[in-house]
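Residue-level listing of the chains:
Number of protein chains: 2
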Amino acid sequence: MNEFEFINQYLKPSNERDDTLLLGIGDDAATLKLNTHQFWHISTDMLIADRHFFSNESPENIAYKSLAVNFSDMAAMGAWPKWLLLSVAFPQLDKDWLDIFFNTFNQVLASYHVKLIGGDTTQGPITTLNITIIGESDRLGLQRNDAQIGDDIWVTGQIGLAAAALYHHWDKINLHEDEFKICEQARVHPTIRVDFMFQARNLIHAAQDISDGLLQDLGHILTASQVGAKVNLETIPSIQALKKYEYYNDWVLNGGDDYEIIFTAPKNNQEKLVSLAREASVPLHKIGEVTKNTECILMCNDKIVSYSKKGFDHFEEETTVY
Amino acid sequence: MNEFEFINQYLKPSNERDDTLLLGIGDDAATLKLNTHQFWHISTDMLIADRHFFSNESPENIAYKSLAVNFSDMAAMGAWPKWLLLSVAFPQLDKDWLDIFFNTFNQVLASYHVKLIGGDTTQGPITTLNITIIGESDRLGLQRNDAQIGDDIWVTGQIGLAAAALYHHWDKINLHEDEFKICEQARVHPTIRVDFMFQARNLIHAAQDISDGLLQDLGHILTASQVGAKVNLETIPSIQALKKYEYYNDWVLNGGDDYEIIFTAPKNNQEKLVSLAREASVPLHKIGEVTKNTECILMCNDKIVSYSKKGFDHFEEETTVY
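Protein chains in written order, with this note's numbering: chain A, 1 to 322; chain B, 323 to 644.
Because the hints were derived from the structure by calculation, they are not lab data.
Note that this is a predicted model, so its numbers are computed, not measured.
Among these hints, one or two may not hold up.
[To be verified] Here are the simulated lysine-lysine pairs, DSSO-like style, with alpha carbons at most 30 Å apart:
1. B/Lys608 x B/Lys503
2. A/Lys95 x B/Lys334
3. A/Lys12 x B/Lys417
4. B/Lys552 x A/Lys33
5. B/Lys608 x B/Lys552
6. A/Lys33 x B/Lys355
[As the list claims (entries may be wrong)] What follows is a set of in silico ranges between Cβ atoms, one per label pair, in the way DEER data are often shown:
7. B/Ser377 x A/Phe54: 48 to 58 Å
8. A/Val274 x B/Asn524: 52 to 62 Å
9. A/Phe54 x B/Glu601: 33 to 43 Å
Here a beta-carbon is modelled for each residue, glycine too, at the ideal position from N, C-alpha and C.
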């Protein structure tokens, strides 16, 4: 049994809806309708040392990353984060470590005007963080099942950098010093896309954050929307210098840990999206389009290429940090 | 640094309020106001194997207990649980275990019409559950700081049974077979007090669930309300057969893990409360009263007795399961 079979078998069956619960399990967040112009989006994420971050990672990095991971769910819903609950388990309470952790944690919260409204703390054998985040918007969240045939497929930021940094950590490759610096920065400090996605929410059909790998996360949109896609490998934004490495395709197609947003939007909205991205200084690239055929076809230099490796599954990969 | 210093230093400073956030960190749940007659109460709890339950505990027991712990926060707010998010980490996904776990989990949710609206799953070295629960009521939740001088102090159910069962598990004592059966049932299957507390919410001033020990949890109410109390040891409801054990006072005063509710209410409401409890078949006992003096005075046979042991702290006790 893998992670997605687990979700389908045990979590999704309870996925009823009602007048308030407009969207339950199976998207980046659930959506609760307060009234006709106020919607709350809520999601939860657990991060465990040596799984989602290295145990010896700096407390700044762990604090920032744990928030970025959760904020990206809000970005993918086109929601603005408002409230947050934090549960933590530590082997012991180390004041120096905690001072630094909460300094960063509270700085990030403050910069988005997000309030910590609940928490729990306990002792555990390994550092474990669980964040529940609630965001707000004036509409139903950007859902995975809203991709329309003919939509352009867009990606924010650059893809594959975090995965390249991890491969370096795992000694699978040896990045040049300046390459590693850029990739490591992307891994520990993914840019939060909340502002852009909130502003662009009415220009977008379907959206999803890229946590498990671009192809797998795009796959969630395609499956939910019952459509296919044609993706141009050479248009996926990354770093030129990484292309020389044998793992490049793995990194950009399956790397995961990017916490960028992949979304589909009507062709007519291209100009507005590009303009909005330029104003917000957000790198935005079109990587393909949504098709009627329910397959995801990968193109390279106008030829169909095959690519079989799957994206990340928390219970199947051998890797220890992701 | 202990658990409460941690909460005070790192979590509470961000405890601002606004027109929507009426109550932040520091109570059983935060309260968000949707409109004048609709309030949502939200809280989060992390449970870790060998800390909050035995690793070899049955999946039914773990499922039930993880929900009871969270429902008791809603009961203590006088709120009705509505939505729930579940994050889980397991060493591996064991289908047989999960089938039983989710069978119980979903049965309990269904019996309260609570919907699972979000989740996360990952691999971790030890079974870890994090639940975030959202409840609803037509008023501000029952807060810890609302105890009034002259209020009666009430306790639901029976206290100290779970602690006695734990002492038996730890081989600190040897309960008789029939005593252990009753105490173990209280430990693994604490009765959920949501119904009674929701019905009684307008008769009550301050409330708190008893998770860390009666004296410590009452202490939270007294400190927050800047009042004191006189508690009669012999009126604390427990099992007669337990009184012969040397640890009896520890169990009822500091045992914790009871997940019963301690609350204060105006003397005038006694009749209504007793009548409501009788209708709902909820054992309800008056154990003392709120005083102007800010101390908590413990009485036994009309004499003041001193009792020094503190309640449970997740980072200070040597015990491994609580």
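Consistency of the hints with the structure:
1. B/Lys608 x B/Lys503: Holds - the C-alpha atoms of B/Lys503 and B/Lys608 are around 26 Å apart, at most 30 Å.
2. A/Lys95 x B/Lys334: With a Cα-Cα distance of about 16 Å, the restraint between A/Lys95 and B/Lys334 holds, given a limit of 30 Å.
3. A/Lys12 x B/Lys417: 16 Å, holds
4. B/Lys552 x A/Lys33: The hint is violated at about 46 Å.
5. B/Lys608 x B/Lys552: Given that 30 Å is the threshold and the Cα spacing comes to 11 Å, the pair holds.
6. A/Lys33 x B/Lys355: 14 Å, holds
7. B/Ser377 x A/Phe54: 48 to 58 Å: Hint violated: Cβ distance 26 Å, outside 48 to 58 Å.
8. A/Val274 x B/Asn524: 52 to 62 Å: Given about 57 Å between the Cβ atoms, the range holds.
9. A/Phe54 x B/Glu601: 33 to 43 Å: 57 Å, violated
Checked against the numbered hints above, the structure breaks hints 4, 7, 9 and satisfies the rest.
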